[in-house]
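Novice: Listed below, chain by chain, are the residues.
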Amino acid sequence: MDDDFPEDMLDDDEDLDMLDDDLDMLTGDPALDIVQNTMETFFSAARVEAVYGEPVENGDHLIIPTAEILSAMGFGAGTGFGTGPEDEDGSTGSGGGSGGGGGGRVLSRPVAVVIASPEGVRVEPVIDLTKIALAALTAGGFMAAMVMGILNPRKALRSMRGS
Amino acid sequence: MSNWLTIETRGGEPIATRGITITPFTRTLTVRFPGRKGGLIWNRPQSILVTGASGEEEIIPIRDITRYVQWTLYAAAALSAALFWLFRPKSMRDRT
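Sequence lines, in order, name chains A and B. Residue numbering for the first sequence follows my numbering, starting at 1 and increasing by one per position. Residue numbering for the second sequence follows my numbering, starting at 1 and increasing by one per position.
Hints listed in this document are in silico derivations from the structure and should not be mistaken for laboratory results. Hints should not be assumed to be uniformly reliable.
Residues from chain A shown here face chain B by an in silico Cβ test under 8 Å; the list is partial [stated by the list, open to error]:
id	residue
1	Phe75
2	Ala139
3	Leu157
C-beta: ideal position from N, C-alpha, C; glycine also.
Required output: the full structure, derived from the provided sequences and hints.
Specialist: What follows is the structure, given as structure tokens:
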């Protein structure tokens with residue numbers, strides 16, 4: 001297992017037991033490696049090092065980028081076994097199988113930059129104008145719809161119904 | 001705190017440069033889905049602790065300006081709409 005895997009995320013016995021139970025179902029299954037790798041990627045998002053990037057030296061300045069990380073994932077696994085109907089000779093066939101699947105997403109966004117210079121340490125924010133413009137459009141649209149609905153509720157209702 | 005939801009502040013490895021030490025801190029929200037079949041982690045920078053050569057300490061918060069502006073816009077829109085609805089003229093009240 002990767003050295004970076006944050007053991008403190010799974011430090012209680014209950015968590016480890018339940019995770020082991022989930023993974024035991026897939027023992028011998030190629031899906032096991034995929035699940036383990038995915039779990040490691042997921043839990044690595046909780047590390048402090050995931051938020052603060054590697055410091056970069058630039059002349060007299062030391063720059064540390066910071067980012068917000070949002071990571072989500074889910075997975076499931078199952079097994080099943082059964083026996084077939086009894087043959088004429090009295091024997092029964094049996095079979096089983098197991099399977100699993102999952103998915104996830106990691107999103108990150110720069111938040112600020114820490115700059116250490118001979119004058120001192122300061123934090124410069126990273127402003128995402130696209131996100132702000134989209135928020136302004138959303139808020140403006142909401143306000144316009146509300147005002148239209150209050151001024152002329154029948155017309156607003158008709159436009160909502162598309163007639 | 002319940003087991004499925006944890007909010008914690010974590011400190012990172014101190015970074016030493018030119019006589020000062022910078023210690024980063026993060027705020028982590030962890031949600032575990034029922035049955036431990038996955039979860040959600042929201043990790044964001046919270047502040048840095050700057051320790052000078054003579055031992056003086058200063059905490060500098062890291063503010064997410066983009067998020068502040070986003071939520072301010074949403075709140076302003078909701079508040080404006082609520083105020084407009086509350087103080088609308090009587091003629092409009094009769095119609096609604």
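Novice: Decide, hint by hint, whether the structure agrees.
Specialist: Structure-based check of all given hints:
no.: 1; hint: Phe75; in the structure: holds, 6 Å
no.: 2; hint: Ala139; in the structure: holds, 4 Å
no.: 3; hint: Leu157; in the structure: violated, 11 Å
The structure does not agree with numbered hint 3 stated previously, though it agrees with all others.
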